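> This is what each chain is made of:
There are 2 protein chains.
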Amino acid sequence: MLNFNFYNPTEIFFGENQIAEITKAIPKNAKVIVVYGGGSIKKNGIYDQVSQALRDFTWGEFAGIEPNPTYQTCMKAVAKIKQEGFDYILAVGGGSVIDGSKFIAAAANFSGEPWDILSKGAEISSALPIGVVLTLPATGSESNSFSVVSNSETHDKLPFASIEVQPKFAVLDPQVMKTLPQRQLTNGVVDAFVHTMEQYLTYSVDAKVQDRFAEGLLMTLMEEGPKLVSESVDYKVRANVMWSATMALNGLIGAGVPQDWATHMIGHEITAVYGLDHAQTLAIILPRMMAEQKETKRDKLLQYAERVLGLDIADEDSAIATAIELTEQFFHSVNMKTRLADYDIGEDAVNKITEQLERHGMTALGEHQAVTLEKSRNIIRASI
Amino acid sequence: MLNFNFYNPTEIFFGENQIAEITKAIPKNAKVIVVYGGGSIKKNGIYDQVSQALRDFTWGEFAGIEPNPTYQTCMKAVAKIKQEGFDYILAVGGGSVIDGSKFIAAAANFSGEPWDILSKGAEISSALPIGVVLTLPATGSESNSFSVVSNSETHDKLPFASIEVQPKFAVLDPQVMKTLPQRQLTNGVVDAFVHTMEQYLTYSVDAKVQDRFAEGLLMTLMEEGPKLVSESVDYKVRANVMWSATMALNGLIGAGVPQDWATHMIGHEITAVYGLDHAQTLAIILPRMMAEQKETKRDKLLQYAERVLGLDIADEDSAIATAIELTEQFFHSVNMKTRLADYDIGEDAVNKITEQLERHGMTALGEHQAVTLEKSRNIIRASI
Numbered sequence: 073m074l075n076f077n078f079y080n081p082t083e084i085f086f087g088e089n090q091i092a093e094i095t096k097a098i099p100k101n102a103k104v105i106v107v108y109g110g111g112s113i114k115k116n117g118i119y120d121q122v123s124q125a126l127r128d129f130t131w132g133e134f135a136g137i138e139p140n141p142t143y144q145t146c147m148k149a150v151a152k153i154k155q156e157g158f159d160y161i162l163a164v165g166g167g168s169v170i171d172g173s174k175f176i177a178a179a180a181n182f183s184g185e186p187w188d189i190l191s192k193g194a195e196i197s198s199a200l201p202i203g204v205v206l207t208l209p210a211t212g213s214e215s216n217s218f219s220v221v222s223n224s225e226t227h228d229k230l231p232f233a234s235i236e237v238q239p240k241f242a243v244l245d246p247q248v249m250k251t252l253p254q255r256q257l258t259n260g261v262v263d264a265f266v267h268t269m270e271q272y273l274t275y276s277v278d279a280k281v282q283d284r285f286a287e288g289l290l291m292t293l294m295e296e297g298p299k300l301v302s303e304s305v306d307y308k309v310r311a312n313v314m315w316s317a318t319m320a321l322n323g324l325i326g327a328g329v330p331q332d333w334a335t336h337m338i339g340h341e342i343t344a345v346y347g348l349d350h351a352q353t354l355a356i357i358l359p360r361m362m363a364e365q366k367e368t369k370r371d372k373l374l375q376y377a378e379r380v381l382g383l384d385i386a387d388e389d390s391a392i393a394t395a396i397e398l399t400e401q402f403f404h405s406v407n408m409k410t411r412l413a414d415y416d417i418g419e420d421a422v423n424k425i426t427e428q429l430e431r432h433g434m435t436a437l438g439e440h441q442a443v444t445l446e447k448s449r450n451i452i453r454a455s456i
Numbered sequence: 073m074l075n076f077n078f079y080n081p082t083e084i085f086f087g088e089n090q091i092a093e094i095t096k097a098i099p100k101n102a103k104v105i106v107v108y109g110g111g112s113i114k115k116n117g118i119y120d121q122v123s124q125a126l127r128d129f130t131w132g133e134f135a136g137i138e139p140n141p142t143y144q145t146c147m148k149a150v151a152k153i154k155q156e157g158f159d160y161i162l163a164v165g166g167g168s169v170i171d172g173s174k175f176i177a178a179a180a181n182f183s184g185e186p187w188d189i190l191s192k193g194a195e196i197s198s199a200l201p202i203g204v205v206l207t208l209p210a211t212g213s214e215s216n217s218f219s220v221v222s223n224s225e226t227h228d229k230l231p232f233a234s235i236e237v238q239p240k241f242a243v244l245d246p247q248v249m250k251t252l253p254q255r256q257l258t259n260g261v262v263d264a265f266v267h268t269m270e271q272y273l274t275y276s277v278d279a280k281v282q283d284r285f286a287e288g289l290l291m292t293l294m295e296e297g298p299k300l301v302s303e304s305v306d307y308k309v310r311a312n313v314m315w316s317a318t319m320a321l322n323g324l325i326g327a328g329v330p331q332d333w334a335t336h337m338i339g340h341e342i343t344a345v346y347g348l349d350h351a352q353t354l355a356i357i358l359p360r361m362m363a364e365q366k367e368t369k370r371d372k373l374l375q376y377a378e379r380v381l382g383l384d385i386a387d388e389d390s391a392i393a394t395a396i397e398l399t400e401q402f403f404h405s406v407n408m409k410t411r412l413a414d415y416d417i418g419e420d421a422v423n424k425i426t427e428q429l430e431r432h433g434m435t436a437l438g439e440h441q442a443v444t445l446e447k448s449r450n451i452i453r454a455s456i
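Respectively, the protein sequence lines represent chains S and G. When the letters of the first sequence are read in order and numbered with the numbering used here, they come out as residues 73 to 456. When the letters of the second sequence are read in order and numbered with the numbering used here, they come out as residues 73 to 456.
Hints may be right or wrong, so weigh each one.
Identical chains share a label here; the pair holds if one copy fits it or two copies do between them.
[Claimed, not checked] Calculated lysine-lysine pairs in the DSBU-like style (CA-CA distance at most 30 Å, straight line): (1) Lys96 / Lys240; (2) Lys100 / Lys240; (3) Lys366 / Lys96; (4) Lys308 / Lys366; (5) Lys96 / Lys192; (6) Lys115 / Lys308; (7) Lys308 / Lys240; (8) Lys103 / Lys240; (9) Lys114 / Lys152; (10) Lys152 / Lys100; (11) Lys192 / Lys424.
To be clear, the hints were calculated from the coordinates, so they are not data collected in a lab. The structure presented is a predicted model; accordingly, all values stated were derived computationally and were not measured.
Please model the entire structure based on the sequences and the hints provided.
Right under this line is the structure:
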């Protein structure tokens, strides 16, 4: 096991009717700005529940955080916060709303040029406190310190991280998933699955707890994911997927182990250029990444084949090939496509995405920095 | 899955040479009291590492917290703290030192009679901050809000819990286990194993993540435990056991599931009356509890048999019997005894322990409150 620090101070309120708990979790004298997305929360009743819980608070709202939240939109929220003196952000939404809120929280307190937070990794010394009402389980952003924000003008999609922007609390009520479109449920399952794989499918450092926890999440998502996108889904399935998605990226399974994230880096560029959903890009790249990195990941691929998929691994190469195939089949089982061509993207992606990777310095990706630009090019070509 | 709140704000510093990190984790202007036990930390170099890290702090010390820390000893520390104005506790030790430090931290700020915290569940509104250097992995006390303190005069052993006494940070350096006596290593493995079982072996609420995480801990402890008590143990084994013990009782695997704790309640009384180590009592009671509660725990016993022990469960009763037998064998494999008679305790325990349980109101224990006094009596009799 590698040395690690693990610190996750987000308080979780999990279960039915937990939205009312925000009343206790937000300081009484806070001036709250509710940040949300395209307005679906007004149709599914979540906005009403939040309004009801905030009835004794002073509060306002900022709507319109887009999927892949943009720097431009976030800065409009920052202007409103500064003008009206809000001092607490309540993010009501999925990963995009939460990621956007994290940037807003940091930028609102930042004395320099906020774009530097993303472009230069400028240090954040304080941020507005954030609470979360999660409406879409997927990214884990509700209980971690990471954020990814896009620049709509330059097509950059850049990450930042700071403990200052980690949510103080997150409400996870599986009932909010009832009204989600199937595409978002599918995205959530795939996103959580690939988050887990990025922290698991590397090389062994004999970290048995982390391995078994990751395997537990993968098995749960493989069992529950297909049920979630079926007609007769029940509360238990939603609850299991929601908790898996949070646990997949709250720092726990990645503590003390090597991490990969090459699939994410290539996926981010596909989203930036072609506008695919984040999870859609992951489902395309991961199977090809597994195949391309078969040798560097051999031991963990076999462990995955045996423990998660229950395969006989006597014939190693055959077991690995089957494991990759079953992974792609799992994506299909939750109605996720796994080829660029499924989105009418062809050969031109090979150069375009490789150039983007080069421009962002992504020339040695993965846990061994073994995914060179040439290998990324091969992976993208194989993904068409 | 049941509704739950999960909040664990303890920062973990895990790995070799992490004791130096306390320099960053304790506020610079703190006046630190180092609380420890019988002085083994002076022989194994940990006291020296802590002294070195604290060289720029104002600090003092309180030694002599005993195994099963007593109210009487803790109150001596409280007197010293009040007299000399310490405002930060650094607990250097195992579960007893940490549990004692939690009571000291609460009592130092308590305006009433501190015994009421234990005897009447008096509410704690503040406590001194606590940091931990863990020297013995076992109880999980380093990252939870629980404490158990004994009264040496009345033979009461009573728990309390408050987020106010949860450690701000905990240093987990597996190297500290190098010099531990085998008895303490054995105790640690068994303690962590039974903590996990108390939160796992109940009835299913279809909480798949929690179940798989618990199973991961049980499997890890069963694999690594016997290695830990052998001659040629290496760092990896120590690290896996240490992290398992923390994860076994930091609130995570118990969030959203029913919990048992009947084995602990009976075990506490055995320690109070006969002075056995906490883990020794658990290893005696758990196999008998499993047998006695075979019907109420049937589904989970079968799940344990199949997933953790890899048994064929076609013949259910036979699988359950084998699972109980293998659990007891596991205790033996880490050199832990599993009978009262192994400690020269005989028939008189049946009445004595049952009377203690009655005196403390422990008349309906377990996840179904199905362990009546009569059943406890049967369990104790079967444990001889």
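> State whether the alpha carbon distance between Lys192 and Lys424 is at most 30 Å within one copy, between copies, both, or neither.
The answer is within: 24 Å in one copy meets 30 Å, while 69 Å across copies does not.
> Classify it for me, Lys152 with Lys100: is the Cα-Cα distance of at most 30 Å met within a copy, between copies, both or neither?
within (21 Å within a copy, 38 Å between copies)
> Using 30 Å as the alpha-carbon threshold, which applies to Lys366 and Lys96: within, between, both, or neither?
neither (50 Å within a copy, 41 Å between copies)
> Checking an output row: Lys308 and Lys366, CA cutoff 30 Å. Within, between, both or neither?
Classified as between: cross-chain Cα gap 26 Å, same-chain 36 Å, threshold 30 Å.
> Given identical chains, is Lys114 near Lys152, meaning Cα to Cα at most 30 Å, within a copy, between copies, both, or neither?
Only inside one copy: Lys114 and Lys152 sit 21 Å apart there, 58 Å across copies, limit 30 Å.
> Given a CA cutoff of 30 Å, do Lys96 and Lys240 count as a within-copy pair, a between-copy pair, both, or neither?
The answer is both: 12 Å in one copy and 22 Å across copies each meet 30 Å.
> At most 30 Å between alpha carbons: which applies to Lys100 and Lys240, within, between, both or neither?
both (15 Å within a copy, 25 Å between copies)
> Checking Lys103 and Lys240: alpha-carbon separation at most 30 Å within a copy, between copies, both or neither?
Both, since 16 Å and 28 Å are each at most 30 Å.
> How do Lys308 and Lys240 come out at 30 Å by Cα distance, when the copy is not named: within, between, both, or neither?
within (26 Å within a copy, 34 Å between copies)
> Pop the pair Lys96 and Lys192 into one bin, within, between, both or neither, using alpha-carbon distances up to 30 Å.
Result: close only across copies, 26 Å inter versus 37 Å intra.
> When no copy is specified for Lys115 and Lys308, does a C-alpha distance of 30 Å or less occur within a copy, between copies, both, or neither?
Within one copy only: 24 Å inside a chain, 52 Å across chains, cut-off 30 Å.
Checked against the numbered hints listed earlier, the structure breaks hint 3 alone; every other hint is satisfied.
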